[in-house]
Amino acid sequence: MILDTVDTLSSLVLLSVLFAFGSSRIPALIKVIAFQGVVVSIVPFFIGHDMGTGGMVFTAATLVIRGILIPLSLHIAIKKVAIQRDVSPVIGYHASIFCGLALIVAATVISRRLNIPSISDAQLLFPTAISLLVTGMFLLMARRNAIAMVIGYIMLENGIYLMGTTFSVRALHIVEFGILLDVLAGVMIMAIILQNIKQTFDDVDTTLLRTLKE
Amino acid sequence: MNQFFAALVLIVAGGFLSLVCARQQTFSKGIAVLLISAGCLWGLVYAMTQLLGAHNHFTTFQYLNIFALTCKIDGLSAFFLVVIFMVCLLAAIYSFHYMGHSLSPVKDAANYFFFGLLIASMALVVTAANMITFMLSWEIMSLSSFFLVIYNYHLPENRRAGYLYFVFSHVGAMFIFAGFGIIYKYTGNFGFGAMTALPETAKVWAFFLFFVGFGSKAGMFPFHVWLPHAHPAAPSHISAVMSGVMIKTGIYGILRIYMLLDLPAPVFGYFVVAAGVVSGILGVVYALGQTDIKRLLAYSSVENIGIILIGMGMGMVGVSSHNPLMAVLGFSGAVFHVLNHAMFKSLLFMGAGMVLHKTGTRSIDALGGLLKSMKITGMAFIIGSLAICGLPPFNGFAGEFFIYMGSFKGIGLDQAPFAMSIVAIVSLAVIGGLALACFTRVVGIVFQGEPRTKAAQNVKETGSTMLFSMGMLAAGCIIIGIFPRFFFTMCLTAVSALNLGYARIPVTPFELMTGHITFAAFVFLLVVLVVAGVRSFFYRNKPVFRSGTWGCGFTQPTVKMQYTGSSYAFDIIGFFRPAAPLTEYHPPVTGRFPQKTHYKSHVADIAERHMDSAVVRPVLYLFDKLRWIQHGDIHLYIGYILLAIILLLFFI
Chain U
1 MILDTVDTLS
11 SLVLLSVLFA
21 FGSSRIPALI
31 KVIAFQGVVV
41 SIVPFFIGHD
51 MGTGGMVFTA
61 ATLVIRGILI
71 PLSLHIAIKK
81 VAIQRDVSPV
91 IGYHASIFCG
101 LALIVAATVI
111 SRRLNIPSIS
121 DAQLLFPTAI
131 SLLVTGMFLL
141 MARRNAIAMV
151 IGYIMLENGI
161 YLMGTTFSVR
171 ALHIVEFGIL
181 LDVLAGVMIM
191 AIILQNIKQT
201 FDDVDTTLLR
211 TLKE
Chain V
1 MNQFFAALVL
11 IVAGGFLSLV
21 CARQQTFSKG
31 IAVLLISAGC
41 LWGLVYAMTQ
51 LLGAHNHFTT
61 FQYLNIFALT
71 CKIDGLSAFF
81 LVVIFMVCLL
91 AAIYSFHYMG
101 HSLSPVKDAA
111 NYFFFGLLIA
121 SMALVVTAAN
131 MITFMLSWEI
141 MSLSSFFLVI
151 YNYHLPENRR
161 AGYLYFVFSH
171 VGAMFIFAGF
181 GIIYKYTGNF
191 GFGAMTALPE
201 TAKVWAFFLF
211 FVGFGSKAGM
221 FPFHVWLPHA
231 HPAAPSHISA
241 VMSGVMIKTG
251 IYGILRIYML
261 LDLPAPVFGY
271 FVVAAGVVSG
281 ILGVVYALGQ
291 TDIKRLLAYS
301 SVENIGIILI
311 GMGMGMVGVS
321 SHNPLMAVLG
331 FSGAVFHVLN
341 HAMFKSLLFM
351 GAGMVLHKTG
361 TRSIDALGGL
371 LKSMKITGMA
381 FIIGSLAICG
391 LPPFNGFAGE
401 FFIYMGSFKG
411 IGLDQAPFAM
421 SIVAIVSLAV
431 IGGLALACFT
441 RVVGIVFQGE
451 PRTKAAQNVK
461 ETGSTMLFSM
471 GMLAAGCIII
481 GIFPRFFFTM
491 CLTAVSALNL
501 GYARIPVTPF
511 ELMTGHITFA
521 AFVFLLVVLV
531 VAGVRSFFYR
541 NKPVFRSGTW
551 GCGFTQPTVK
561 MQYTGSSYAF
571 DIIGFFRPAA
581 PLTEYHPPVT
591 GRFPQKTHYK
601 SHVADIAERH
611 MDSAVVRPVL
621 YLFDKLRWIQ
631 HGDIHLYIGY
641 ILLAIILLLF
651 FI
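Quick mapping for you: the protein sequence lines, in order, are chains U and V.
Residues in the first sequence are numbered from 1 upward in steps of one, following the numbering used here.
Residues in the second sequence are numbered from 1 upward in steps of one, following the numbering used here.
It is worth saying that the hints were derived from the structure and are not from the lab.
Treat the hints with care, since some could be wrong.
[To be verified] Label-pair ranges, simulated between beta-carbon atoms:
| # | chain 1 | residue 1 | chain 2 | residue 2 | range |
| --- | --- | --- | --- | --- | --- |
| 1 | V | R159 | U | K79 | 38 to 48 Å |
| 2 | U | D182 | V | V167 | 29 to 39 Å |
| 3 | V | K625 | U | I193 | 23 to 33 Å |
| 4 | U | I91 | V | F651 | 24 to 34 Å |
| 5 | V | F67 | U | I91 | 40 to 50 Å |
| 6 | V | L642 | U | L15 | 22 to 32 Å |
| 7 | U | L72 | V | V9 | 40 to 50 Å |
Remember, it's a predicted structure, so these values are computed and weren't measured experimentally.
Built from N, CA and C at the ideal position, the CB exists for glycine as well.
Turn these sequences into a full structure, and let the hints guide you.
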């Protein structure tokens with residue numbers, strides 16, 4: 001098996017997932033997600049698409065949004081609202097890492113079963129995409145801190161993006177860009193909601209939202 | 001077809017522009033009325049040309065590839081388009097003076113916005129040629145009319161009415177979805193073709209699902225509960241459109257599905273007739289018991305839907321017993337009654353709206369003597385009432401006449417069809433008689449006699465656009481009543497789109513019938529003229545005194561000596577007591593010098609009463625048990641989403 005660039009990048013992404021599962025502080029988590037965003041967005045450069053200028057611009061824009069804008073706005077958000085820097089896990093860090101490993105294995109098995117034709121030779125790309133989806137979901141469920149949940153959501157979106165790169169070139173950028181804008185808007189809205197949650201409950205622990213139940 | 005869409009765009013744009021420039025109230029209202037009525041006029045002309053074209057003009061429009069949106073206009077669609085655009089045109093004009101300057105301009109502008117959407121979506125419902133287009137426009141129609149119903153949302157009872165309507169329209173839509181689901185299971189595509197190939201049991205299931213779904217929109221008996229709540233809540237021009245036109249989309253749906261499914265078994269016809277008889281009779285009985293004029297008109301819509309269903313049912317019986325004349329008469333009578341009811345019911349709602357606008361009350365027993373102060377409204381209302389009772393020479397008579405004729409054709413048949421025809425004839429007669437009682441009550445109490453409360457005193461009718469719309473509709477009722485031939489030909493074109501299998505519908509017998517109606521109407525008018533002439537001849541030189549109505553020679557007459565609405569209807573309601581339980585509250589009068597007393601009565605609707613115990617409570621109980629699903633924990637909710645995705649990925 002020849003180790004090509006895409007596989008290297010994919011393994012970096014997988015490592016970042018495990019790192020995210022193990023980090024207990026929000027700032028560290030934001031750094032991890034910024035790193036992951038950068039790595040995920042440069043994958044299309046190496047995947048062997050013949051990209052035109054438009055494709056380049058789109059990919060570069062994705063890189064800027066994923067690598068800089070979203071982490072930056074999250075950073076500002078915690079500066080503004082959160083005193084509590086702890087991710088407050090529902091499932092502990094060691095257990096999380098263990099679950100993460102199990103999920104990656106499961107995702108690899110599933111990706112074999114789904115048998116989707118990929119345009120790239122990279123072995124790890126598709127399993128990585130699926131693991132990002134699943135682990136993003138896991139992070140959403142396993143962390144109580146609202147910002148950690150937003151990060152889980154962004155991870156999920158990274159997974160969708162990677163999944164998209166395995167299919168085709170043409171439609172990808174337009175669709176992806178639309179999704180990215182959605183995510184960006186989502187993060188902005190989340191920042192505002194965070195502020196409201198903070199004001200109301202004096203905390204950003206999402207379990208407190210339970211009191212809103214009818 | 002492009003013209004049709006251009007008209008719709010114009011209508012929606014009118015509503016949208018009104019929303020954009022909501023600040024300038026008069027301008028916003030003006031531009032909405034102008035564009036909506038222009039669009040309706042355009043659409044009306046286009047639909048007329050389609051309907052009267054020498055050949056049935058099928059036009060198809062397709063948009064998008066995977067989930068295609070397809071529209072198609074055939075005779076039946078064109079006929080319903082004519083009805084929709086005509087009533088909406090007049091309602092839009094009427095609204096110009098009806099919608100006064102309210103305190104929040106955005107509310108009015110939003111009202112016009114949803115009004116435009118409602119018209120466009122109704123037009124799309126009757127032209128939709130596949131399931132997706134149909135359901136999409138059906139949902140837009142239900143939602144936009146929901147927003148119109150809660151126009152006065154600051155009143156809690158209006159919000160309740162809106163909620164009730166919302167639940168009913170969406171439960172109905174669910175049944176329609178289920179029906180389409182069954183069809184899709186067998187045909188495998190979203191088109192309307194190839195439904196005839198369904199196996200018999202699937203057809204039966206699909207038909208009954210559709211019948212319930214469309215029936216709840218049309219206001220058929222046990223599913224009519226939303227009507228008497230939603231119609232009074234909405235502004236009057238909206239009630240006119242909803243009651244006159246929107247509920248007819250349910251009728252359209254049943255007709256269209258009947259045509260597409262091709263159901264020769266006689267049981268469907270019997271079922272539809274039975275549903276029509278129940279709706280017709282109970283609708284008018286409940287109408288008699290109402291004290292709110294708009295609620296009364298809403299129940300009267302239930303009654304008229306019953307008449308239309310009887311007509312359709314007779315048509316279906318005619319088809320199943322191979323009696324072409326009966327089938328054509330039944331269906332075309334039903335379709336004709338759709339047109340007629342749209343006209344006189346919107347006329348009556350507009351009249352009620354004028355009364356409400358000027359007096360501020362909808363309670364029949366608080367009004368009185370309005371004919372003296374509101375001449376045009378009063379005359380228009382009386383014409384509408386005569387028409388809705390099915391009296392010649394108005395259009396209601398012409399429509400019901402054909403349904404009667406169709407039913408009489410069924411008498412020659414044997415056993416079950418014969419019995420159904422008799423039932424139809426008898427119940428039509430009962431409905432007609434009760435409707436007469438109901439509307440003499442309204443006209444007698446509201447427009448004649450003396451004003452009962454201060455609200456009804458010193459009122460003036462103003463608002464030229466309101467008077468214009470009512471005048472046009474009243475004129476329409478008379479013209480259709482005297483010269484039904486042209487309009488009946490329209491109905492025949494609509495019915496021929498049903499593909500009944502009769503290559504060419506013979507026109508001669510129908511021309512003969514319409515000719516008779518015209519002749520009879522002229523004789524009637526002649527008699528009226530002669531009687532009026534004789535009267536003025538004999539009264540020529542005699543002094544005529546005018547005094548208060550119901551004076552009866554009392555020296556100290558008061559307005560309380562008049563009949564009230566409740567007392568007028570009491571005997572009839574008493575007879576129907578099992579179906580219309582009457583509750584009365586009044587302290588008994590005792591002693592030689594009795595103290596003040598009062599009387600209050602309420603006629604309960606059995607469907608509404610039993611709906612509570614039979615449907616609402618079990619459903620509430622069930623969902624109360626499922627409340628733990630709403631846990632309040634966001635992580636669990638995300639878990640639900642994950643679970644759903646996994647289930648969808650691996651099991652479907």
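Here's how the hints hold up against the structure:
| no. | hint | verdict |
| --- | --- | --- |
| 1 | V:R159 x U:K79: 38 to 48 Å | holds, 43 Å |
| 2 | U:D182 x V:V167: 29 to 39 Å | holds, 32 Å |
| 3 | V:K625 x U:I193: 23 to 33 Å | holds, 32 Å |
| 4 | U:I91 x V:F651: 24 to 34 Å | holds, 27 Å |
| 5 | V:F67 x U:I91: 40 to 50 Å | holds, 41 Å |
| 6 | V:L642 x U:L15: 22 to 32 Å | holds, 24 Å |
| 7 | U:L72 x V:V9: 40 to 50 Å | holds, 44 Å |
Violation of the numbered hints given earlier is absent; every hint is satisfied by the structure.
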